[in-house]
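Novice: So the chains spell out like this:
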Amino acid sequence: MTRQRIVELTLLLLAAFITVATVTVAAVNERVALSWAVIPYLLGLMALWAVTHLALRRWAPSSNGLLFPITALLQGVGFAFMIRIDPELADNHFAWSLAATCAFLLALRGLRDLTWLQKVRPYVGVGGALLLLAPASIARGPRQLDASPVIDLGAISIAPQQLGNLVLITFFAAWLSQYRSRNTAEHLGQVQPLEGDPSRFLPLIGGWLLTSVIIIFHSDMSLAFVTFVIFVSMWWIAAGRIRDLAILLTAIAGSVAVAAGSIAETKSIFAAWIDPWANLELGEASIRSSFALAGGGLTGTGPGGGSADWMPGATDLFAFVPVAEELGFIGGAAILLSYLLLVGVGLRLAVAARTEFDTILASGIAIFFAGQAWASIAAVVRFLPPTGLSLPFVALNGSLLITCNIALALLLRISETAPNISDRTQLLPQITLQSQGDQ
Amino acid sequence: MTRRLAHVGVVFLLLYGFLFFRLEIIQVLNADALRNHPQNNREITLVFDEPRGVIRTADGEIVAQTVAVSGRQGRLRQYPYGPLYSHVAGFISAENGGAGLERTQNDFLGGEDLGVRLQDSRDLFIDRSRTGQIEMSIRHDIQLITRAAMAGHVGAAVVINPTTGSVLGLWSSPQFDPNHLSSHDLMAVTSDYTALSSDPNQPLLNRAEFQSYDIGSLFTIVTAAAAIEEDLGDFVVPSIERVTPLEGSQAIVHDGGACGGDLESLLITNCSPGWATIGTKIGGGKLNDVSQRLGLTRTSPVRLDGSPKGTLETESLNSSASYAAVGEGLKATPLQVAHLFATIANGGARMQPHAVSRVRTYDGKVLEEFTLNPLRQSLSKETAAELRQLLAENVVSGTAQNLSINGTPVGGMVATQFLGKHGWAVTIAPVTLPDLVVAVLLEDDSFSDQQVAEANVAAIARRITEAVLRLPSFKVGGS
Numbered sequence: 217m218t219r220q221r222i223v224e225l226t227l228l229l230l231a232a233f234i235t236v237a238t239v240t241v242a243a244v245n246e247r248v249a250l251s252w253a254v255i256p257y258l259l260g261l262m263a264l265w266a267v268t269h270l271a272l273r274r275w276a277p278s279s280n281g282l283l284f285p286i287t288a289l290l291q292g293v294g295f296a297f298m299i300r301i302d303p304e305l306a307d308n309h310f311a312w313s314l315a316a317t318c319a320f321l322l323a324l325r326g327l328r329d330l331t332w333l334q335k336v337r338p339y340v341g342v343g344g345a346l347l348l349l350a351p352a353s354i355a356r357g358p359r360q361l362d363a364s365p366v367i368d369l370g371a372i373s374i375a376p377q378q379l380g381n382l383v384l385i386t387f388f389a390a391w392l393s394q395y396r397s398r399n400t401a402e403h404l405g406q407v408q409p410l411e412g413d414p415s416r417f418l419p420l421i422g423g424w425l426l427t428s429v430i431i432i433f434h435s436d437m438s439l440a441f442v443t444f445v446i447f448v449s450m451w452w453i454a455a456g457r458i459r460d461l462a463i464l465l466t467a468i469a470g471s472v473a474v475a476a477g478s479i480a481e482t483k484s485i486f487a488a489w490i491d492p493w494a495n496l497e498l499g500e501a502s503i504r505s506s507f508a509l510a511g512g513g514l515t516g517t518g519p520g521g522g523s524a525d526w527m528p529g530a531t532d533l534f535a536f537v538p539v540a541e542e543l544g545f546i547g548g549a550a551i552l553l554s555y556l557l558l559v560g561v562g563l564r565l566a567v568a569a570r571t572e573f574d575t576i577l578a579s580g581i582a583i584f585f586a587g588q589a590w591a592s593i594a595a596v597v598r599f600l601p602p603t604g605l606s607l608p609f610v611a612l613n614g615s616l617l618i619t620c621n622i623a624l625a626l627l628l629r630i631s632e633t634a635p636n637i638s639d640r641t642q643l644l645p646q647i648t649l650q651s652q653g654d655q
Numbered sequence: 172m173t174r175r176l177a178h179v180g181v182v183f184l185l186l187y188g189f190l191f192f193r194l195e196i197i198q199v200l201n202a203d204a205l206r207n208h209p210q211n212n213r214e215i216t217l218v219f220d221e222p223r224g225v226i227r228t229a230d231g232e233i234v235a236q237t238v239a240v241s242g243r244q245g246r247l248r249q250y251p252y253g254p255l256y257s258h259v260a261g262f263i264s265a266e267n268g269g270a271g272l273e274r275t276q277n278d279f280l281g282g283e284d285l286g287v288r289l290q291d292s293r294d295l296f297i298d299r300s301r302t303g304q305i306e307m308s309i310r311h312d313i314q315l316i317t318r319a320a321m322a323g324h325v326g327a328a329v330v331i332n333p334t335t336g337s338v339l340g341l342w343s344s345p346q347f348d349p350n351h352l353s354s355h356d357l358m359a360v361t362s363d364y365t366a367l368s369s370d371p372n373q374p375l376l377n378r379a380e381f382q383s384y385d386i387g388s389l390f391t392i393v394t395a396a397a398a399i400e401e402d403l404g405d406f407v408v409p410s411i412e413r414v415t416p417l418e419g420s421q422a423i424v425h426d427g428g429a430c431g432g433d434l435e436s437l438l439i440t441n442c443s444p445g446w447a448t449i450g451t452k453i454g455g456g457k458l459n460d461v462s463q464r465l466g467l468t469r470t471s472p473v474r475l476d477g478s479p480k481g482t483l484e485t486e487s488l489n490s491s492a493s494y495a496a497v498g499e500g501l502k503a504t505p506l507q508v509a510h511l512f513a514t515i516a517n518g519g520a521r522m523q524p525h526a527v528s529r530v531r532t533y534d535g536k537v538l539e540e541f542t543l544n545p546l547r548q549s550l551s552k553e554t555a556a557e558l559r560q561l562l563a564e565n566v567v568s569g570t571a572q573n574l575s576i577n578g579t580p581v582g583g584m585v586a587t588q589f590l591g592k593h594g595w596a597v598t599i600a601p602v603t604l605p606d607l608v609v610a611v612l613l614e615d616d617s618f619s620d621q622q623v624a625e626a627n628v629a630a631i632a633r634r635i636t637e638a639v640l641r642l643p644s645f646k647v648g649g650s
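Protein sequences, first through last, are from chains U and F.
Residue numbering for the first sequence follows this note's numbering, starting at 217 and increasing by one per position.
Residue numbering for the second sequence follows this note's numbering, starting at 172 and increasing by one per position.
Please keep in mind that the hints were generated in silico from the structure rather than gathered at the bench.
Predicted model, so just to flag it, every value in this text is computed and none were measured.
Check the hints yourself; a few may be wrong.
Chain F residues, not near chain U, derived (Cβ > 12 Å throughout) [as the list claims (entries may be wrong)]: (1) Val-179; (2) Val-325; (3) Gly-419; (4) Ala-429; (5) Leu-546; (6) Lys-592.
Partial pick of chain U residues on the chain F-facing surface, computed with a CB cut under 8 Å [stated by the list, open to error]: (7) Trp-452; (8) Leu-514; (9) Leu-556; (10) Val-567; (11) Val-597.
Think of the CB as a built atom: it goes at the ideal place given N, C-alpha and C, for glycine as much as any other residue.
Sequences are here, hints too, so could you generate the full structure?
Specialist: Structure below.
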């Protein structure tokens, strides 16, 4: 067993302990109707973690040992809170976790060679754009203002937009790494630099077009936000220039202004952001979330003592609220730190990765986690307008959980091939700032 | 590329730092303000189906109680008198929070208050359900009188004891049945609540406490107080018909032709141009000063014990002293108006109005007793006595003759506002040694003319005053 797997196993046991403790404390609280019937589901979740751990031992023995325990902890806390809100959600949560674990195993086993993704780049790009854009066209009709459109398949409904984002990350990574190699060659003087080469703007125009379509034609600001953040960060890492960044930001601001000025849905969302009291239909959830968070205070009400029944969307869009209310500011900060740690590990992997494609892909996935989680929590604390973004791994949102698990598999796959940076502990992510210089 | 990766890392570090900071503001730094926010119904929703004490009237009728029922929840909050106490006792609902005493006294009723929870040292170790009981100062018989008198009207009525500030009756119509909101049938509750909250007549609104109306010519009694304090008590206003305070502004006109005279004749003829003249003579500063002392401006609005304060009252009176003197632009709640006249009736001492007289523990021991809460001596005794004199004269020979009652000397005022389409009537009875103050507000009653409107609202105030005074248990000189 490699060192990484030992770290992973230790931390997994810790995550399991925290999960069981949270469920137990919640079950003791008299307001919560938890029965013994949730125990099989709890054990089931741990069994899924064990399976994942064994699969990693077998198929990616030297991959990073921090990534999976962090996500497992978030998932475990999410599970504890879902069943605390409604014990009948246990089988739903377990079914999605099972599906997500299967997706993880498939991705881990199937994508042994990531260079293959680079070769089928055009198809990946088209597929990603389709996944991202199609649902809004298919599922047109009455939809809730603050939720992304879903494709309804009877028993379950799927929102493939986040999967689309992930596929697009792969495409961006392939495209930008190829684009970057020309850039480097230019820089090294191996090719004649083309002054005013318009191809420099192609990624920019692509990213702007994609985001604008989501903003203006699908009026889905939250999805557009995540897509844009991912794109802009990946582009900056690959080939960013400060002047181009300014141009890009101006263009996006223009699209947002057009949407905010002319589209009724976007207008009402912005209105509810600025003054939730005057727009109770959309604003009530964010008002209640601030009341609930304030009720939790520094140390929280304890699992089961909060007001999750009163909080609309507590299982999905506002999943952060019951957690931070019942575990307090300390617990909420711990959740934030977990995401920060996840991003830190991801970015560190990006630094260490073997190829430029791996670097950009790893950073894209890290930013996917970070951006999605940040925007979801930012909407809860009224930093952003009400969004339709769920908290990765915590919220009961099957499509997102599956997507995140595939992303995690990709990240682990990259870490498997990354050469080890000499590091005494391998426990904490070390973002190498200046020490390594610009490689 | 590593450097650029670091840029991205630093940006996300900053972004998450903002989140930490914002979360800290909400959960720690600003948490108290959010917890006490008037619209925050989280606490009360949490205790919806927990044991809860009863609310009683001063004469022992149970207004709200929690009974055992079969079913998942096991307990149901009931309001035996239905809509009669909908605005005083309020309601508690699983999803729509609560209102009234159910909300403001939640800590006592639900047993969250430590005094209720810990009766003896053993209670520290046993998680027993202790709840408190609330005893109101509201009397069942007086509440019934206000309901009967206000039947069929939209508006509010407040009966208050001027010497203690105890609210004896508080009615606001339209009303609602709180039983519908406390039900366990959440679908039905939601549809009822939606219907109530979208009703244009706003049955959920406690008009007596939370709705401000133009005070109109009722304000002239404050102008009179300022005039007396400025030694203008004997000032005689020359007879005039109209006053135009500013070039091109709207004139203040008296409908019945020219009028004038001393304070008494101004009041009994409701001579607005005369009051405007006096107001200019007194000056805006003095008027503002007196109304602030009486709690009409620049302070938090008068509310019952523990009620959410809401927004600040009018910052100052109309900038033109002439308009200010006739109450132009000043709004007040019926409770505030009752409080204003109670202050005059009580010799100028403002008493904090309250609806809760006692909090008892589950076994009947008195835990907290209301004690007199004098806010300040707003007017001197002499000024208040002179004002009572004016009000008495107003009922004997002035515009408030409709308020007179056989056998009891009464003071009072009647005012109508056609712009706001509402009318006021206030009585102090007996005016010589006041026992009660009654304030009535009628809203948009499609009055045909001012006379009818005044007669209508005065009739209601008179009926309430008369009936309360005649209650066998209503002893003169205390309650």
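Novice: Hint by hint, note whether the structure agrees.
Specialist: We went through each hint and held it up to the structure:
| no. | hint | verdict |
| --- | --- | --- |
| 1 | Val-179 | violated, 5 Å |
| 2 | Val-325 | holds, 25 Å |
| 3 | Gly-419 | holds, 35 Å |
| 4 | Ala-429 | holds, 48 Å |
| 5 | Leu-546 | holds, 30 Å |
| 6 | Lys-592 | holds, 26 Å |
| 7 | Trp-452 | holds, 6 Å |
| 8 | Leu-514 | holds, 5 Å |
| 9 | Leu-556 | holds, 5 Å |
| 10 | Val-567 | holds, 5 Å |
| 11 | Val-597 | holds, 5 Å |
Checked against the numbered hints given earlier, this structure breaks only hint 1.
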